[in-house]
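Going down the list, the sequences are from chains A and B.
Each residue of the first sequence is one higher than the one before, starting from 1 at the first, in my numbering.
Each residue of the second sequence is one higher than the one before, starting from 1 at the first, in my numbering.
These are calculated hints, taken from the structure and not from any lab test.
For glycine and all other residues, C-beta sits at the position ideal for the given N, C-alpha and C.
Just so you know, not all the hints are guaranteed correct.
[As the list claims (entries may be wrong)] Label pairs and their in silico Cβ distance ranges: (1) SER49/B to TYR44/A: 28 to 34 Å; (2) ARG134/B to SER28/A: 41 to 47 Å; (3) ARG134/A to ASN92/B: 56 to 62 Å; (4) GLU5/A to THR193/B: 40 to 46 Å.
2 protein chains.
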Amino acid sequence: MRKGEVTRQRIIAEAAPIFNQRGFAGCSMQDVMEATGLEKGGLYRHFSSKEELAAEAFRYTVLRAEKVRFDKLDRTRGALEQLRLIIDRFVNLRSDVAGGCAIFNTAIEEDDGNPVLRNLALKALREWKDRVRRIVRNGIRAGEIQKDTDASRVANVVIATLEGALAMSRLEGDKTPLEDAQAMLGSFLDGITHRQAIPAERGVVNVAGEREAARR
Amino acid sequence: MRKGEVTRQRIIAEAAPIFNQRGFAGCSMQDVMEATGLEKGGLYRHFSSKEELAAEAFRYTVLRAEKVRFDKLDRTRGALEQLRLIIDRFVNLRSDVAGGCAIFNTAIEEDDGNPVLRNLALKALREWKDRVRRIVRNGIRAGEIQKDTDASRVANVVIATLEGALAMSRLEGDKTPLEDAQAMLGSFLDGITHRQAIPAERGVVNVAGEREAARR
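Chain A extracted, bound-state conformation:
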């Protein structure tokens, strides 16, 4: 990687938690200068505007979160186990970029705001929904999930509940809303399970189990 590109990547990584915590309106290029130790000229050599940097920071933050949520998910057999693992990771693991979920932060902060960031949030939300939908459809094809299950509804319910609970947990400084969401979503998934389904391998249903399985 060329030196200029290394600097550019470092700026993005250091700006990411500032934008994610303070939002686009609450974060100035001055804040980024202070965090990176760069002069104004140095910053603008790499990014033509605050908007361009904020967009790159958003993409970076979403990629880091997706790694935590979805990495090596296919090691887990079965659609229902994959859904339970996504939920468990969302409840128990956070990405290394501080400030909560970038998609919903940006969705709420920019719904009446910056159209570039708003569209990035919309695109990221759609990708997340597609991911859940695909797993549900695989589960239906495999006879694991009931045939009449609405994959889009499952995606909407899982994402809405987890994201709402994360916002509550962060505000209250208490994990209970996330744990309550996990318990409810567990029953919700039981409700769409095909009654004849053979239970998938139970070793990898949560983060602890996942670590255990990876060790073997």
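Starting from the known structure of chain A, arrange chain B on it as the hints suggest.
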């Protein structure tokens, strides 16, 4: 009401949607001056700081939303019907202050930000949870809801799901996430219903029914 108080109230009402849409960081006193047609001196005669005005605007916005969500709820008999009505109103009615739910907007925007606004959001969230919890406990006492139901969990799940779905619906410009949340929460409430419960009067389960009932 004295003239000064009338002006103060008008400023709050006109600033409320601006703060709710743009957030504290994204809204300047200049924006409020433009919306109200007041000079800087006129504005600062009533509010010592942007923070003071934002706090009053938040309280106003929450009161307007609570009126929509909870007004005359006791006309509906039965805890489960009250819960269903709160959900139905959240899905189908919005308050007259634009910008979505002030509690979650502020929760997400100020979780790493302004502590005064953050604490107001926390207090408003607690009051909302208390309201749902009280209804659940009344339902348990009345034999309508299963005895072992965790009232706090019901509150967390209902609020998290509705708020997450509202953020999704606003970002996507599509009501489906809210409708999916309502369908799922309907099943969730069926799951905590005491099996021996006598069904409550079914005329007032949704906004349409409520209007009908109010007319009679």
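Evaluation of the provided hints:
1. Evaluation of the 28 to 34 Å hint for SER49/B and TYR44/A yields a pass: the beta carbon distance comes to about 32 Å.
2. Hint check: ARG134/B to SER28/A, Cβ distance near 44 Å, so the stated range 41 to 47 Å holds.
3. Hint check: ARG134/A to ASN92/B, Cβ distance near 31 Å, so the stated range 56 to 62 Å is violated.
4. Under the hint 40 to 46 Å, the C-beta atoms of GLU5/A and THR193/B, about 60 Å apart, miss the expected range.
Hint compliance for this structure: hints 3, 4 are broken, all remaining hints hold.
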